[in-house]
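Number of protein chains: 2
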Amino acid sequence: MQRTDYPATGAWDSSQPAGRRQFLSLGERAVALDVGVTLRDVVIAYETWGTLNAERSNAILVCHAWTGDSHVAGAADEGHPTPGWWEGLVGPGLAIDTNEWFVVCSNVLGGCQGTTGPASIHPDDGVPYGSRFPVITVRDMVRAQVRLADHLEVRRWHSVIGGSMGGMQALEWAITYPDRVASLAVIGTCAQSTAQQIAWGAIGRRAIRLDPKWRGGDYYDAAIGDGPWEGLAIARMVAQVTFRSDNVFTDRFGRDLADMDAENNGIGLWDKFEVERYLDHHGDRLIRRFDANSYLLIGKAMDLHDVARGRGGLEKAMARITAPTLAMGISSDILYPVYQQRHICELVARNGVRAQYAEISSPHGHDAFLIDLPQVGAPLTKLLTSL
Amino acid sequence: MQRTDYPATGAWDSSQPAGRRQFLSLGERAVALDVGVTLRDVVIAYETWGTLNAERSNAILVCHAWTGDSHVAGAADEGHPTPGWWEGLVGPGLAIDTNEWFVVCSNVLGGCQGTTGPASIHPDDGVPYGSRFPVITVRDMVRAQVRLADHLEVRRWHSVIGGSMGGMQALEWAITYPDRVASLAVIGTCAQSTAQQIAWGAIGRRAIRLDPKWRGGDYYDAAIGDGPWEGLAIARMVAQVTFRSDNVFTDRFGRDLADMDAENNGIGLWDKFEVERYLDHHGDRLIRRFDANSYLLIGKAMDLHDVARGRGGLEKAMARITAPTLAMGISSDILYPVYQQRHICELVARNGVRAQYAEISSPHGHDAFLIDLPQVGAPLTKLLTSL
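Protein chains in written order, with numbering that gives the first Met the number 0: chain A, 0 to 386; chain B, 0 to 386.
Just so you know, these hints were derived from the structure itself, not from any lab. Just to be clear, a hint being listed does not mean it is correct.
When chains are identical, the list treats them as one kind, so a pair holds in a single copy or across two.
What the hints assert, rightly or not - 27 Å max Cα-Cα, derived DSSO-like pairs, lysine-lysine:
hint, residue 1, residue 2
1, 271, 315
2, 271, 212
3, 212, 381
4, 315, 212
5, 381, 271
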């Protein structure tokens, strides 16, 4: 499967400024990681919308999900291979109104959209980290964001908001730095990844590892179109099915065939159904913009996500949250079922902190937090303006 | 990953008789397949329990699922790498009482437990079929079973029974040969595979194809332990997660770690959670007993399963069923949700045929049809004795 139109390795690490994206270089101020090592010369890519007020009290941190980036709103451009993932939710007059709020989003540590990750150059030898990049946790991602908050001189976020892995980061913010989070909003996420979530993640990792072109993670010298695309595409397929729902797949694709070879009555072993073409399309889009090692590491970070770790248990960890909390579930979410967001609410409320559960009624599954924006936006606006 | 204790390729095709297993050789009487080719010298491996009565009216055909085989009941032995998959349900005095019924089960066409499949020797050249083995449909599997029924001189089955892919075969029997099926019992199955089911199947196929040791399907000359085990194991992992349920995984494994390397605080990229060890264990067991090409082909057959194909639509196809029908769903089945079995019931009843829906209340997910035997057995017994 030679696909010569694919990017050269490293193309995703387009670390030149473009659009609004800015870069914070931490230089020698190393970031200490949960795994027990430190990273130096870390760069954090971020974007902002709106204006920080004089009291520096109107800042909102938005945290992105697995394959997201700092580009919450705006068109695709050189530095952002995709349009804003919350376009329509964040902007002037929108649910997160940038006439009122100063919105910040940074690419996560370990990512591949400007923030230091496995495709970045190791400061010691000028060669990409590759397999040498350490395992990252959600807490490590937050540690990098703290540096950014300090740089922006935002002492306290008016709100920290995120869906999916973004919600994991938001929870860690509210638990680790309760005095820096005035309100918390999480969507389609959990306080601790479950065994089933870990299982899905593990399958994706194994698929990438199986790809001979992954080469243990050191593939950045590969020729154009010769990276571990197939492994990454399979990993993405697994995720994509869990991000959607049975009935939406049935409505959209049914049992339609994508290609029908008359020779074998349309039942060739590799003839595709429409749903396979759809998954291919998503895999294809991802491998053009995302690094397989970042996918591996960020997926592992989600599996390792457990707010209870080192904090004397789940209840004690959640008891650290002092921020009024909005937890939103999605009715058709098979990956982060609604009981998980209800549980977050329950644990926060147990300590007398204001906690609201809101359910997005949607057929779209987990991805509804990126799709059903009016239902996402209304409770968010209410939270933001209620403080 | 060198695993020298794995079987040599072809070890699954243990075509020597053992235990009760018998073999029917079709010889030159070729089987015509949906894909448009014929297979000759087909061998069908089967087992029987109980005694066929003089009227030949007490025969029950049990159809097995994806990685099942003809060994419905009995201990593991040379010809049967696993104990009977419905041990406890089929036997003297059990729900399918072999004091009363003559029970037959055959390994499906394309399989690897004695019936002709891709690991079998091609009659033309003495080399395993490998990539030359044609795509098989569920209808083709039934075509082979018809030959077996004729051989046994069973004109009409008292019942055709199956769970999962076994249920697909049972449906095809009742639709294609209504005069040969006196009653029908299907569990955790569907009349048409959905887009989501196809998606899961496609991911598994891609994982096997990605394994360089699969070699396009022609790997039977591989050294011991050098087959496409990793690809097959990943494919099995996908299936295994869909066969179970979120809450059972949480109860059994939670977030426990299987190996904890003190060096990296238990968060190494390839350190495993317990749920991963469990999936590994299942993958490991499968690759010792199952052929990757059979896994591919049988999975494809399930994705191609559509009783409506070539029959003027679903309603017309289902209207051919004249057998009193029992359709059973499993409350926690995420792979074949209960709406699919309810729909089967509804379609059969629409034509004035007796149809009963029964639900297995179980936390175990799809696999409950192999686990919660008392709940499976009671409605089956009722059906069998009601005619």
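Q: Tell me, please, which holds for residue 271 and residue 212 at an alpha-carbon limit of 27 Å: within, between, both or neither?
A: Result: close both inside a copy and across copies, 24 Å intra and 23 Å inter.
**Q.** Homomeric proximity label, residue 381 with residue 271: Cα distance no greater than 27 Å
**A.** neither (46 Å within a copy, 42 Å between copies)
Q. With identical chains treated as interchangeable, where does the CA-CA distance between residue 271 and residue 315 reach 27 Å or less: within a copy, between copies, both, or neither?
A. Answer is between; shortest inter-copy Cα gap is 26 Å, intra-copy 50 Å.
**Q.** Homo-oligomer pair classification [residue 381, residue 212; C-alpha up to 27 Å]
**A.** Result: close neither inside a copy nor across copies, 49 Å intra and 56 Å inter.
**Q.** Within, between, both or neither, where residue 315 and residue 212 count as close if Cα-Cα is 27 Å or less
**A.** Neither way: residue 315 and residue 212 sit 44 Å apart in one copy and 49 Å across, limit 27 Å.
The structure does not agree with the numbered hints 3, 4, 5 stated previously, though it agrees with the rest.
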